[in-house]
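Chemist: Chains as they are written, first to last, in my numbering: chain A, 220 to 547; chain B, 220 to 547; chain C, 220 to 547; chain D, 220 to 547.
Honestly, I wouldn't trust all of these hints.
Repeated chains share a single entry, so a pair holds when one copy, or any two copies, can fit it.
Claimed, not checked - Derived pair list, reagent style DSS-like, types lysine-lysine, alpha-carbon separation capped at 30 Å: (1) Lys458 to Lys313; (2) Lys458 to Lys286; (3) Lys286 to Lys225; (4) Lys286 to Lys437; (5) Lys225 to Lys531; (6) Lys529 to Lys314.
Because the hints were derived from the structure by calculation, they are not lab data.
If you want the building blocks of each chain, they are given just below.
There are 4 protein chains.
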Amino acid sequence: MLNTIKKVAVLTSGGDSPGMNAAIRSVVRTCVFHGLECYGVYRGYQGMIEGDFEKMDARSVKGIINKGGTVLKSARSQEFRTKEGRQKAYDALKKAEIDAFVVIGGDGSFTGAMIFNQEFNFPVMGIPGTIDNDIFGTTHTLGYDTALNTVVEAIDKIRDTASSHNRLFFVEVMGRDVGHIALNVGVGAGAEEILIPEEDLGLDRLLESLRRSKQSGKSSSIVVVAEGDKIGKNVFELKDYVEEHMEEYEVRVSVLGHMQRGGSPSCFDRVLASRMGVKAVESLLTGKSNYMVGLKNDAMDLTPFDQAVKGKSKINMELLRVSDIMTI
Amino acid sequence: MLNTIKKVAVLTSGGDSPGMNAAIRSVVRTCVFHGLECYGVYRGYQGMIEGDFEKMDARSVKGIINKGGTVLKSARSQEFRTKEGRQKAYDALKKAEIDAFVVIGGDGSFTGAMIFNQEFNFPVMGIPGTIDNDIFGTTHTLGYDTALNTVVEAIDKIRDTASSHNRLFFVEVMGRDVGHIALNVGVGAGAEEILIPEEDLGLDRLLESLRRSKQSGKSSSIVVVAEGDKIGKNVFELKDYVEEHMEEYEVRVSVLGHMQRGGSPSCFDRVLASRMGVKAVESLLTGKSNYMVGLKNDAMDLTPFDQAVKGKSKINMELLRVSDIMTI
Amino acid sequence: MLNTIKKVAVLTSGGDSPGMNAAIRSVVRTCVFHGLECYGVYRGYQGMIEGDFEKMDARSVKGIINKGGTVLKSARSQEFRTKEGRQKAYDALKKAEIDAFVVIGGDGSFTGAMIFNQEFNFPVMGIPGTIDNDIFGTTHTLGYDTALNTVVEAIDKIRDTASSHNRLFFVEVMGRDVGHIALNVGVGAGAEEILIPEEDLGLDRLLESLRRSKQSGKSSSIVVVAEGDKIGKNVFELKDYVEEHMEEYEVRVSVLGHMQRGGSPSCFDRVLASRMGVKAVESLLTGKSNYMVGLKNDAMDLTPFDQAVKGKSKINMELLRVSDIMTI
Amino acid sequence: MLNTIKKVAVLTSGGDSPGMNAAIRSVVRTCVFHGLECYGVYRGYQGMIEGDFEKMDARSVKGIINKGGTVLKSARSQEFRTKEGRQKAYDALKKAEIDAFVVIGGDGSFTGAMIFNQEFNFPVMGIPGTIDNDIFGTTHTLGYDTALNTVVEAIDKIRDTASSHNRLFFVEVMGRDVGHIALNVGVGAGAEEILIPEEDLGLDRLLESLRRSKQSGKSSSIVVVAEGDKIGKNVFELKDYVEEHMEEYEVRVSVLGHMQRGGSPSCFDRVLASRMGVKAVESLLTGKSNYMVGLKNDAMDLTPFDQAVKGKSKINMELLRVSDIMTI
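Looking at chain A on its own, in the form it has when it is part of the complex (with noise of 0.2 Å):
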């Protein structure tokens, strides 16, 4: 395997996040670096199929490291979806003499990279490129950290606020299906309360709690809420629940939205873009395939699509005790 490739590709694909483009800019530095060829795809897999590649050297990817978003787009292709459009992208792919691509991107990326080996036998990596972490076989996806630092600095300027006046704030994070960015921002923010989908507080313990936090001198509340928190249909109805059975607060909501997916990514996003890079590549070169890489115990290591795919990302059940005991 090891002299048979000598094209790699390289695209992004699904939610864009934080460190794609240090991955971007690492995948093609270490194709240079080991004689490889390595091409851009755009638009993810749809890019494939359409065969939107460019051919890109060390300086293609100068000056992007510290840049959110992704150079080469990102789009969700129903076509690829399709045996029709994998058969296209694999032609295509073909045509450009390209041996293996490396995906970055979240589990319905992996899934697709994975059909895809079964089909055409092609060497695929992955690199988890997702602000959420709900991926299993990595502590951290890209992003994820800076994440966590974006909505933290937005909840600390909501506390300046919370603060001044006599306010309960409900602010609605990221994270899909899992909370781990409300969990984190929670403790790290000092939130009085953190509604995350691994666990049902219900509607009367919140409301007991939100009154002993009042109870016990504390002028204002912040109160995180994970996107897939089941406690009210959404957030505007949480509010409005608890409007109706406290009148001790003015209640505020704020939903942080996109901006939680873009900004220039942190130190440890763009180190682990670096390293995860390299070992994509270098994983590739020693005949591996059908891989992600991640990151566990501080080492790069990698997992099978399949338990990638299949796996659970799982929240640390000790940080909500953390959490219960920081805000008596």
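Following the hints, put chains B, C and D in place on chain A, whose structure we already have.
Modeler: Relative to the frame of chain A, chains B, C and D by itself:
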């Protein structure tokens, strides 16, 4: 008058804004500098009614120049809108032997101060503190410059993700009935369109503009919407309308919300607050009353409260033209 | 004149500053808006001499409004200071059929443009780009506001560690021969003393001021020193002197250095750059030449190059007084 | 032991770092949670000797989780290095009926705690707080992650100006005798070369590397130099040497200095501090003493003080290789 003022109170009222703490610090230290006693009033006019005063000295305000929010807290007081409420406030001030007050806030706060002054012939001065920049008599209100930077940084982050996909974002920003924030951040963040209350673009021209932007080769677009704009009933309905009439874009909405009110003040706001605090106290010492301190042509200036309250803070129409040119 | 200008060149010259890219973008797009061709000149006057031009359109400048530095690069050119060098530059411009240029830079750059204009009667306009704010004819140069925020944030960080120990910090900031940056960040960061070239405090009064500050109960002190200040031979000798004469403090020095020149421009600088670019191009179109665009009383203004170059940019003496009061 | 601990003291010692306040808050609130009294000790061991204690409750530590520095102040104490000093400290603790203390600091602080524990059999626990990450027994010290981001953002700014001119920058970063900060920010900021104490590159190879970098088409270069690196006598002499031997670059030096120690802690550091505080207090409650709390494999861990003090914190050699590949 000069000799009659020995004790000055300072309060923050209405919505908080970055720079209020720097202004409190300045009022306190200017009092100390001139041998006056200074009292902080907690929770705005409501705290004044309740006699919630605290003596402050130069050290009381250390370490707050760079903090968002207001250490004196703020509140809206229904009671102060009544003659009885104001009488109580006057009694509380008299009991504490306070001779004058400086109120940091918006036009509602100044109206209150003006009426109070008329009723009790009590010396009052105002410092404009609001991110909205909607006050006549000053080119900049405290917190406005900071908010511009906060919003521009947030839109930069949204731009990262917008340009990685094929997306149109409607970003709603604060500003009450005026378009100052929207217009400036729109130009500063390179928005493709800016919707402000001062200009009725109309839905047809918005669609036309977005189509032209798309055709000119832009892969993503940001539209900044002032909260006071009335083009759609609200920004979510605007989204629905555009999605119905354009298929070229995936449309997303982001309501930046209360994070715009917080954060460490910019250097400009800290310096402005320091200047305004000095001007407010020294104006009282020269016998002036019933004025708002403002910035005009980079110099400190005074505007009578009745003008400040009745006047209109106008947006810079030149900027609208600059925006049109920039989005070619 | 209006009809004779068809092609406009734009260049950045001298030290770079945040907002230069936003100004380049504005010049290019204003040209496109008015049906003119626009050429970017790389590496300032040196690139002009070498004919290092590139045609730019509206899309060439996308995504740069929020980037520090200058995409056109900058350089200092010895050759342009000679008649021969300027002749070469003129020949290169003529060969490319360029009719006018806009130079973004400081007083050295404007002197060059003025001489060039005199020698070849070639239409030129200037946009003031420098963090130092040392140019006559504008209250703000591009990058100045950004630098103030960068420096204030850095000093806030230094304050964290200074106030955790018993320390006196001398923080040297940029500004060439003027004290604009030092004075404003000194007030904005709550410095205990500000040393600027415009005011000779003297070593004795500095010591006296530091002792008074110590006695007033301050546990730490920040002294902001303008790089152009001459109180000590340099900031390290100043440290030695103070350590010799005061035992109350552990003294530390921090020279902030070139990070002050970089970073994403503030909203203010982006808007100012956009306005200045429009004004520069449209002034050329109305037949004006040999002027610098500036900001006066919040409006765009023109100052003849010879005045801009000879004039003195004065610091706001009111601020010195505000600083004295604040450090009580 | 469990029953004997009723009052716990907490102090910060040595150099301060971001996250110390979050750790203080966590120790205090964990004490309250478990029904213990908690006392803050001001100015480290010196304050302990002087009995400078203050009772703290849950509200005493509100609003500090996001603040840099330490509200308890820090100091280095010569007196505590003597038997007499430690005896005085013990007497002061006994007089205040304090049963145990948690010290937040670096290896010097832990050595002091260890000796104190040996002499008086007094329960002590340590929390590693230093930006240098130079402590054995934890993958991350408090403040390290924050410092990485602070430094990377500063270098990003320097890169703006470096790449606008033709410049080589030597950027000196903190880290005492280890290269953790330099290595990570070097990779994270895309430095062309990284000089750390753990690897002796040699001046010849540095020049060679810089020449290769120049030839590969890079117009500017950043070299990150750890303060503990010994390749030149110091970074200014390094600059002189390179300028003498290479004409290709204008060389500049930036010593980032003490701003690296300050700033609002990152989300990671706030969460880590919260976890460590809980672990420290609860370990004391289970009868443990003389340990440092650490992070290993993303879980809380204990390391005996003698190991923490004697051990060596090793840099990740994989990262050196990643850096080599990235700078191709």
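Chemist: Compare the structure with the hints numbered earlier in the document and write down the numbers of the violated ones, lowest to highest.
Modeler: Failing hints, ascending: 1, 5, 6.
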